[in-house]
Each structure stands twice: as C-alpha cells, then as structure tokens.
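Chains as they are written, first to last, in the working numbering: chain A, 1 to 333; chain B, 1 to 333; chain C, 1 to 333; chain D, 1 to 333.
Be careful, since some hints might not be right.
Said to hold, decoys possible - 20 Å max Cα-Cα, derived EDC-like pairs, lysine to aspartate or glutamate:
no., chain 1, residue 1, chain 2, residue 2
1, A, Lys-80, D, Glu-118
2, C, Lys-160, C, Asp-121
3, D, Lys-80, A, Asp-121
4, D, Lys-14, D, Glu-254
5, A, Lys-80, D, Asp-105
6, A, Lys-80, D, Asp-125
7, D, Lys-80, A, Asp-126
8, C, Lys-80, B, Glu-118
9, C, Lys-80, C, Asp-117
10, D, Lys-160, D, Asp-114
11, C, Lys-14, C, Glu-317
12, B, Lys-80, B, Asp-117
13, D, Lys-80, A, Glu-118
14, C, Lys-14, D, Glu-17
Note that these hints are calculated values from the structure, not bench results.
Bear in mind that the values here come from a model prediction, so they are computed numbers and not experimental data.
4 protein chains.
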Amino acid sequence: MRFFSDNAAPAHPKVLEAIAEANRLDVAYDGDAWSGRLDGAFSDLFGTQVRAFWVTTGTAANCLALAALCPPYRAILCHKDAHIEVDEAGAPGFFTGGAKLVLLDGEGAKITTDTIDEACDAIRDDVHQVQPAAISITNATEYGLIYRASEVAAIAEVAKQRGLALHMDGARLANAIVSSGDSLADMTWRAGVDALSFGFVKNGGLNAEALIVFRTELADEIAVRRKRAGHLLSKGRFLAAQNLAMIDGDLWLENARTANASARALAKAAGERLVYPVEANELFLRVTAGEAERLRGMGYDFYDWGPGLIRLVTSWEQQDAAIDSLAAAIAAL
Amino acid sequence: MRFFSDNAAPAHPKVLEAIAEANRLDVAYDGDAWSGRLDGAFSDLFGTQVRAFWVTTGTAANCLALAALCPPYRAILCHKDAHIEVDEAGAPGFFTGGAKLVLLDGEGAKITTDTIDEACDAIRDDVHQVQPAAISITNATEYGLIYRASEVAAIAEVAKQRGLALHMDGARLANAIVSSGDSLADMTWRAGVDALSFGFVKNGGLNAEALIVFRTELADEIAVRRKRAGHLLSKGRFLAAQNLAMIDGDLWLENARTANASARALAKAAGERLVYPVEANELFLRVTAGEAERLRGMGYDFYDWGPGLIRLVTSWEQQDAAIDSLAAAIAAL
Amino acid sequence: MRFFSDNAAPAHPKVLEAIAEANRLDVAYDGDAWSGRLDGAFSDLFGTQVRAFWVTTGTAANCLALAALCPPYRAILCHKDAHIEVDEAGAPGFFTGGAKLVLLDGEGAKITTDTIDEACDAIRDDVHQVQPAAISITNATEYGLIYRASEVAAIAEVAKQRGLALHMDGARLANAIVSSGDSLADMTWRAGVDALSFGFVKNGGLNAEALIVFRTELADEIAVRRKRAGHLLSKGRFLAAQNLAMIDGDLWLENARTANASARALAKAAGERLVYPVEANELFLRVTAGEAERLRGMGYDFYDWGPGLIRLVTSWEQQDAAIDSLAAAIAAL
Amino acid sequence: MRFFSDNAAPAHPKVLEAIAEANRLDVAYDGDAWSGRLDGAFSDLFGTQVRAFWVTTGTAANCLALAALCPPYRAILCHKDAHIEVDEAGAPGFFTGGAKLVLLDGEGAKITTDTIDEACDAIRDDVHQVQPAAISITNATEYGLIYRASEVAAIAEVAKQRGLALHMDGARLANAIVSSGDSLADMTWRAGVDALSFGFVKNGGLNAEALIVFRTELADEIAVRRKRAGHLLSKGRFLAAQNLAMIDGDLWLENARTANASARALAKAAGERLVYPVEANELFLRVTAGEAERLRGMGYDFYDWGPGLIRLVTSWEQQDAAIDSLAAAIAAL
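In isolation and in its complexed conformation, chain A is listed as follows (with noise of 0.2 Å):
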C-alpha cells in the first residue's frame, strides 16, 4: 500500500487500450492521424484555439514552454519550493540557456500578487541586473493547495501589467479542477495562462503528458524546441493515443476525483496533525518518529518529508478499502 507517489501508482486500463489500439503502421513522429487530432481534442476541452503537444515529462513540457517565453537573459519568477526550482535539476537554466529563477516565498507554495510586486519592485532596471520575463505557478501546489481560477486572473493582471508572460505548471491540474469546481477555461486560458503544462501520468497516464498553448505563435517555436531536446519521439501516436484517452469522457476528472476523495478521508482522520489544508491529493502530517514507523509497519509506505514529518500522496486506484484502513491507522496513531 504505497502513499509514495502519484507517479508510482499504474496506468489506468483505458490508457494500456489506447497504446494497444495504436499500434498500427501509421507516418513516424507526430505525421500520424492520432497526433493530428490533438489540437482539435485539447481546443474542444478548452473552449478556445489551442496547439498541443504531446511530451513525456512535465520536466519536458514546463522547460519547453518556458524556453519560449524567456530569453536566456531574463528571470522566471517562481516559488522558492516550485518543482522547476528544488526538483528538475536545473532543467529550467538548460533550456533556456542560462535564464534564472527568482525564488519567492508564501505558505503551501503559493505565490501571490504581493510577492511578485515585491521582488519586480527590488529588481533595478538596467542591464546589471536580470530582468523578469515570466511567471511560473504550480497548481496545485507542491504542497497540495490549489489557486483558484480568481487567484490565478489577479496573477495573471499583473503579469500583464509588467510585461511578463504566464506560465502553469498543471502537473496535478486535474486535483486543482476538481477541488476547486472551476472551468478548465476560467482556470487557465480565460484567466490569462500563456501555456499550460497539463499533467496526465500522475492521474493514471502512463507516459504522455500534455503541453498546451494558448498563445499560439509560439507553438512553431516550441515543436523545434521539442525535437532539438530529443523529445520528439519517433512512433508519437503511443503518446498522442494516450493523450487522447485520458480526456476521452473526461477520464481525468474521474481520476483525480477519486484521488482528491481519498486525499479528504485521510485527511478528517488526520486532523490537527496536517501541515497544510488538503485541497488536492497531498497530505503533509506531523508524525513523530515512532508514530511513523508503526504506520510502516502496518504496510504503509509515504516519503519523510523533513523531521517529523511526512507526506502521503493518493492516486487514481488505491481500493477504499486501502483508505479506510489507513484512516483508521491515522486516526488512531
């Protein structure tokens, strides 16, 4: 019974379908029929034109995306604990060659309009200092907590303002659309995203994920970008098919439903010992040491989080009957 990870979890059989349905002769890289559908499939999702591109990391689509709306000489503004910082070692300063992060602060991982004036406002404008070329946020959050799609217009106002392009990083999207009944439009395009990482292999993907953009002229940019890094793969259709599955009747929501459902009944038998309040598929518990190994040894794994703490991570197909066990174990820690 592994809380690990979301990414430790298995694909979802619809997906192992679609790869199997896909297996036909078809023309290499992305000349077949079922990445030709995708930007037809993702603009219909979105309500608005969009280009899609099928890649197979989040690493992948975030850099993709940010090597294109920042010149290696500007600053991407980040929070300090964003995946593109502390996770992705250094993928963000390859693809762009050599723009920097500007690290902010906020609780549960969430930037804010304020701390984004704030560290705009400490940058110098002259060529000394490196100037600021884009916003990235991460929804939900690293720590579980989800921008609403009002939070994510009020960042994406003063990005405008200041000249800076959007950038999501929806590797758990799906948590956030669900926890926060929200428009896939109104969460991301309508509000003013630049380019959406959306993220399917947590959610039961195998190994597709999805890098839309809305600004669309930078879709040509991003397809060399995307074979230049190696990751244009050469029987693209296992990926476009998977692709098309996950939101084939809206599989991604009914995954992350059942994640974020899991995610909750944990989370009212955790209480007072949660960290941050449980939005998406993300528990942070205090738990001393013992305390976590007895739960080890009832068969539960999850990641130490830093002392006296840990995180529990639920996915598409963990039984309820996994969840409530280990409510119970929680609950009577």
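Position chains B, C and D against the provided structure of chain A, taking the given hints into account.
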C-alpha cells in the same frame, strides 16, 4: 504497404506484453525493479560491465552521450550526412552547450581513418580553432552500409592516438550485427567504443531506446544530464520493460534478421538500380518519376530522396507476400 | 619588419591621445560623456539613425550581433573560411546558445546569391533540419577580396526574400570602403545590412571595436547581452574615446588608404605569385620554402599559409621605405 | 567630488605610461612580450606557481573561473548579495551553460562555514536536485567587509571536505589585503582558493583585470574559454602592460592604502550612521532624504542605496582636502 521508415512499423507484440506486465505499482523514476535490472541485463548481453539507461529517442541517447564526451568548447567529428548533423534539429549543439560538428565526406555516409586524420590535421592546435574531442559514427549508416568490427576498431585506434572519444549511433545496430556476423562485443567496447546509442524503436520497440555507457565513470554525469534534459520519465518501468523485452530471447536479432532478409530480397530485384550495396534494411533506388508513380499506384509508399532517387526501408513486421510482390513490381519496372 | 598581421601594429598616436584625454573622473560603465556621444557620432557617419556599442574584440561584436539575429535553434550561413567559423573558437555557438553555422564555398572567401540559394534550398522545411535565420559576410574577406556595395545589396535582397537577417563582419571594412570607392551607407544599411562589426583595432585602434546596429529595435537586447558576456567594461569612456578618435577627421579612412596603397605596391612586385587579386591589405603569395626563407633572412616576418603559400598583411604604420625594399625583394626572388 | 564608485576614478598615470610604453609592434593576441611575462610576475607576487590571464572585466574573470570550476548541471554557492548574483546580468548562467547559484544569507554579504553547511545539507543527494560544485566569496565584500585569511581557510576547509572548489572575487582584494594585514599568499592559495579574480580597475587600472589560476591544470581550458567568449584581445600587450604596472613597485597596495585611509577618515566622521564596520573603501550611511540632498548640494555625489541609506566609495585618487571637507560635512549633518 509502407516502406517509408522502420519508425512507421508497429511495436512487436512482446513489447506490448512487457508494458502490460510492468503496469503495477512501483517506485517512481528509475527506482523500480525493471530499471534496476538494466545494468545487469546489458552487462550480460555485452559481456562486460556497462551502465545502461533507457531513453525515449535516439536523439536523446546520442546527445546525452556526446555531452558527456565533448565539452562545449570542443568538436565532434562525424559524417556530413550523419543523423546528428542533418536530422536532429541541432540537438548536439543544445545538449553540449555549443560544441561544433566537424563534417567529413565519405561514400555511403561512412568515415574512414583517412578522413579523420585529414580533418584533425587541418585543425591548428591553438585557442583560435576548435579542437576535436570525439568521433561519432553511425552503424548501420544513414545509407544502409555497415561498419564491420574491424573497421570500428581501426577508427577507435586513431581516436585513441589522438585522445578522442568514440560514440556509436546504433539506431540500426541490430541490422549491422546481423549483417556483419560480428559479435556485439567485438563491434562495440572491444573495438573501443566509449558509448553506444542502442536503437530498439526502429526494430520493433514502442518508445524505449537504450544508451549504453562502456566508460562507466561517465554514467553518473549522464544520469544527471538525462534528468536535466527532461528525459527521466516518472514511470520508467515501462521503458525498462521494453528494453528487457527486446533483448530477452534475442528478439532484437530476430527482428533485424527479418528486416535484412526483406531488404536483400528487394535488392536482388532492384539490381543495377541500387545506389549503395544493401547491407542492412535500407535501399536507395534510381527510378524515374514515372516509375515512382507507378509503384505508388500499386500501393507502395516510400520517401523521395532527391531527384530520380527513392528510399525504401524494410522492417520486422512486413509479410513475405508484401516483399515478394514489391520485389516483382521493382523487377518489372 | 613584420607583415604578420595588422593586429601586430601599434595603435595610432591619436588613439593614445584620446585615451589620455578621457582619463578623468566620470560615470562608470557606459554612462560617461564619451559613450554618450557614440550613437550620435556614428549616426552622423552613416547618415542614418544607428545604435553603436563599443566592444573590445571583433569576436564579441560578431557574436553579440549574431546572437540577436539568430535564435539558438536556427542557423547562420557563412563562408567556410569565415573568421566566425575558423578563428573564433566556436564563439558563435557559445553566444547564440548552440546555433549552427552552415558553411558555403566560394573563391576568395566570398559567398554569392547562388551559393546562398543552393544552401537554403537543400534544407528541408521541417523540424528535423535546422532552418536558417541569418547570413554573415566578411568585408574585406579573409583572403583580402572585397564585396562591392552592389554585391552586398544583391545578397541582402536574397536574405530579405528568405526572411534572413544580414550581418557584416567588417574587421577590415575600412580597407573595403577605400578600395571600392563605395560610400559607407551604400555598403551597409542602404544595401540591407542589419548589424555591422566595425573594425578599428587592425586599423590603428588600441582595444576598441564598434558594433553598429541598424535595426535599432535590437539594441536594447544587445546591451544586455554585452553585459552578460562580461563585455561591459567599467571604465567604458576609454573605449568610446578610441572609437571617436578613429572616426574623427576620417582617421579610419586615412589609415586604410595607407595600408591598401602598401599592399598594391607589394602586389605589383608579386605579379604572378598572387593567389588572389589584392583588393585590400592582405596578400597571399606562392613562394617556395627557399624563397620564404630568403625573405625571412632579410628581416621580413609573415605567416606560412599552407605549403608553398605565405600571407603578408600591410598596416597603417609601415614606412614607405620598408614597403619599397620588400617589394624589391619580392620582385627579385 | 564623486564618491559614486571606484570605477568612476581615472586610471593611475603609471598605468597610462605602461600603455604608451607597450605601443610597439609585437605579436598579436597574447603572444607578445608583456603577456609572456604575466605568469612569472604573478607567480613571484603570490610565491607559488600560478597561471595568470589578463581580462577586461571582473565579470569575465569571475565567470571564466566559475565555468572551469562548475559544470553546467551543478551549482555555485554564494551570498545572495554577491556581485555574480545581483550585478552581472546572469553572466554565470551564460558562461557555465546554466549552472545554478545557491544563495546564502549573512551579515554584510559574508558567508560562513555554517551557512555553507546548512545550504549543502539541505540538498538531497539525487539526480533531481542540483548538486553543488563550487563556492564563490567576494573579498572585500559588496558591503565593504573583509574576510581574514583565517576565515577564507575555514571556508576552504569545508569546501574541501565536501568536494567543492573555491573561487574568490577579488574586485577589491587590494583593499582587503591592506586592511587585514594578511599576506596575499595566506589570503588566497595557502588558504585554499582555487581561482582568483584579481581586481585592478577599481584600484587605478584602466581596463585590465587579472584572473589568477592556482589549480594550474585548469588554465588551458580557461585560455580556450577566454577566446570563445570574445575576451582574447588582439593587442593583448596593452592589457598585460597594465597588469604589470599595477604590481610593479606594489602600486596596487599603495592605491588601496590611500582609498582605505580615506574611508576610515569618513567612517570616523560618520560614527553611528554606519550600517557596517568600514574595513575597506566602502561606506554605507544612514541619512535622511534631506541630509542626502544637503550633501549633494555641497557637490558630493553618491549612490542612494535604498530608503534612508547612501553608499560612498573612496578611491586611490581623491585628495585629502576633499576627504576632509566631506568628513566635516558628514559630521555636521
């Protein structure tokens, strides 16, 4: 009946089975059981200790290797028609941080010790000119010729004398091994190859290639570079499983034997039309525009490779009947 | 009596005087009075509004311009013997973040509209091949030939049709202007040049070149890139003063006239030994090893430029007597 | 009477004399007689074998060193107010190919073994997080404090234990040496510094700094990187001559003594207004807007360093009278 590219072919059923088999809960990234078996399995296959990395594209394999073998301020010698030069969107420049490709001539995309010597001798040994650091050869070449193990060894000998590393782009190495009768060990590390892009996708894989590192002291750096380039997938078990399926029971050799046999059958029919000897699974034929149209009219697809020239590529999955009928059609032109 | 290089020559006395004159307290970087006069002085010289930057090397001028004209994932067309390709240690790859140089043939290091067309037509318009973004020409060329204004305009016309920017490496532009009789405006912006590396150091300067930007909307980016590359000196007034001294009273033309006249005198003596017509201040002569040794024995220094070939470069400061005696020595070989 | 910056000061007359003296015909780049004396002269000065490179900016010195000490995929620890972080336009990211700066806190822009340990311990040792490779300290710091030799040695000891290289930005090293009374050897290589940016321009130079490499096996790579970054000037003799003039007869120490003495005199007058102890030639004073205006009204120029704060920098060339009168003015505020 598509003879466009071996990339157009479907994945082998055993590869899909391996993916389905790997669809269980496990540790994320490459901490899973399948990834954990890679080093051992490839070390057994090569008969020496290697470090093996799954990657999703040949471009990633090539360029991660080259970045580890060549600093930003030096050069890689390769054929002017090498895939890294003409078909990877400048990825070597991106991954290495601006290293230069020095382009060599040679029939059928093969380079020789003579062309290497000539190119190196033309470079003044000072800070103004970019000094070479590595050689990259493609086996089988982009025109379907092969280097025999003895030829690789001769190139490696020159490389060693000049202090250059040697990389092999083995997108179609299986075809070269089958065609040459040389052993995998003789063709690679025993000859003096430092790193190998071991291609599986053109040969029945779905989306997993392997990067084999013989100079194992470079492996930790490559692991970091893989992550940094967005190539460390979060559910790596699905790639590792593909790699293992391809080498299990020598599926990679079986598939290449089929493709090569088909190519030989077509070559026999093509006779004088062949531009290069057919040593692997690619054929370059001289045909008039009318002849090309006639073949297409019969349902055969292929690349136009310049005026009066077409390229046919055979793959693991073509039926004997299709090959026979195409052979007959070519003979009858 | 050194004919190695115009870089070996001393700086002109007026340049040293200007440095001494600038040795006062002023604002750091390029906020000083001398730097503040650059845009105006060069705009007057060129007869159009330009942005002018002092830099300390031609490599910096070339590569700052190219980085602004060509994104990392595209290519620059240039002659295979261009300085940016053979003598800048890969600096274009460094400054651009990995852009590719596409190398063209051509007599005397000159490229033509035909070689440009041929090179561009050979590039498939897809994401696999690196698409061109710019052309760079050197005037006078690395072999001492010049492009006339009409030739530059023809190249610029092709560039425009194909959406390519045009950069001119004018390390010896003064020599080309004097030799051609074309005006500075006709040779550059009026022909269609977007950015110019305007060389002064080979022509009597001490350590200040200029980068002239005709597409002034690129200037702010270049200012940032100059700083980021460590090329914004803290006492910029000493460089600005040099630039101003060189154009004041047309010193740059006077110096080039002297050097060109010396070269013509030597060329007359060399006759059939010349490999290229002498249009600027460089001479490439066929001499036997024995003849070269004889000249050296008489106190003349120069480069061996391959077997049976030497290079002589004249400069602003050589005395008529030295030229006459070398001419006599060459004639007497 | 400008107290903006030591960069605003003129060059010392001896430096101009050295430039005039070097104005002879010689070999280009760094093949000249002056450049040929650098390694020896600096080895004598430091009392150990070093490799010395002239460069035109501190940014170039810093970043060439850092690029040799830190691969693109690792990190450099430095103070959050370090010049490389806040005033070099992201140059470290450019030169290293995207390495990360990890920012440490500390009074007066000083880092300690504790802050280094804390920062390193916070980095998980895996491929997801960027591992450190080097530490960079500035001496004197950006706030005019100094590291004593013993403090440098303590930091170097931690660096060694953790396998990190140590770089010193010595833009104002002369001031730190004079202030501390420590020897140049104790302050640098004997303490464990691997590479030093040895500043001369703020201390009476014109446009030549020096990069001193104690780990001499890195020097050849740095020579190539200098060329590749456009920092190998074609008439290098004018830079080498400046470096030699500065160390000849200890001019660098004499100039720093003057500047430090002036700073001490002003510090005495400033008393409680000082934000930091004055250990070199920079003063940070608390003054009201009205007081700042009053000083400006009397003809003194300086930087506003945030609300209620000004920065004064003394230099080698200020007259005692100017210092005395400013001291009186400050005391009288």
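Against the structure, the hints:
1. Straight-line distance between C-alpha atoms of Lys-80 of chain A and Glu-118 of chain D comes to about 16 Å, which keeps the hinted pair within the 20 Å bound.
2. Our distance criterion of 20 Å between C-alpha atoms is met by Lys-160 of chain C and Asp-121 of chain C, whose separation comes to about 15 Å.
3. Between Lys-80 of chain D and Asp-121 of chain A the alpha-carbon distance is near 17 Å, which keeps this suggested pair within the 20 Å criterion.
4. At roughly 12 Å between alpha-carbon atoms, Lys-14 of chain D and Glu-254 of chain D fall within 20 Å of each other, so this suggested pair holds.
5. For a cut-off of 20 Å, the pair hint linking Lys-80 of chain A to Asp-105 of chain D stands: about 15 Å separates their Cα positions.
6. For a cut-off of 20 Å, the pair hint linking Lys-80 of chain A to Asp-125 of chain D stands: about 18 Å separates their Cα positions.
7. Of the supplied pair hints, the one linking Lys-80 of chain D and Asp-126 of chain A holds, its CA atoms being roughly 19 Å apart against a limit of 20 Å.
8. Pair hint Lys-80 of chain C plus Glu-118 of chain B holds up; C-alpha atoms about 16 Å apart against a cutoff of 20 Å.
9. For a cut-off of 20 Å, the pair hint linking Lys-80 of chain C to Asp-117 of chain C stands: about 16 Å separates their Cα positions.
10. Between Lys-160 of chain D and Asp-114 of chain D the alpha-carbon distance is near 15 Å, which keeps this suggested pair within the 20 Å criterion.
11. Between the alpha carbons of Lys-14 of chain C and Glu-317 of chain C the distance comes to roughly 13 Å, so the proposed pair stays at or under 20 Å and holds.
12. Restraint check for Lys-80 of chain B and Asp-117 of chain B: the C-alpha separation of about 16 Å stays at or below 20 Å, so the hint holds.
13. Between Lys-80 of chain D and Glu-118 of chain A the CA atoms are separated by roughly 16 Å; this keeps the pair inside 20 Å, and the hint holds.
14. Restraint check: the Cα-Cα separation between Lys-14 of chain C and Glu-17 of chain D comes to about 15 Å, which is no more than 20 Å; the hinted pair holds.
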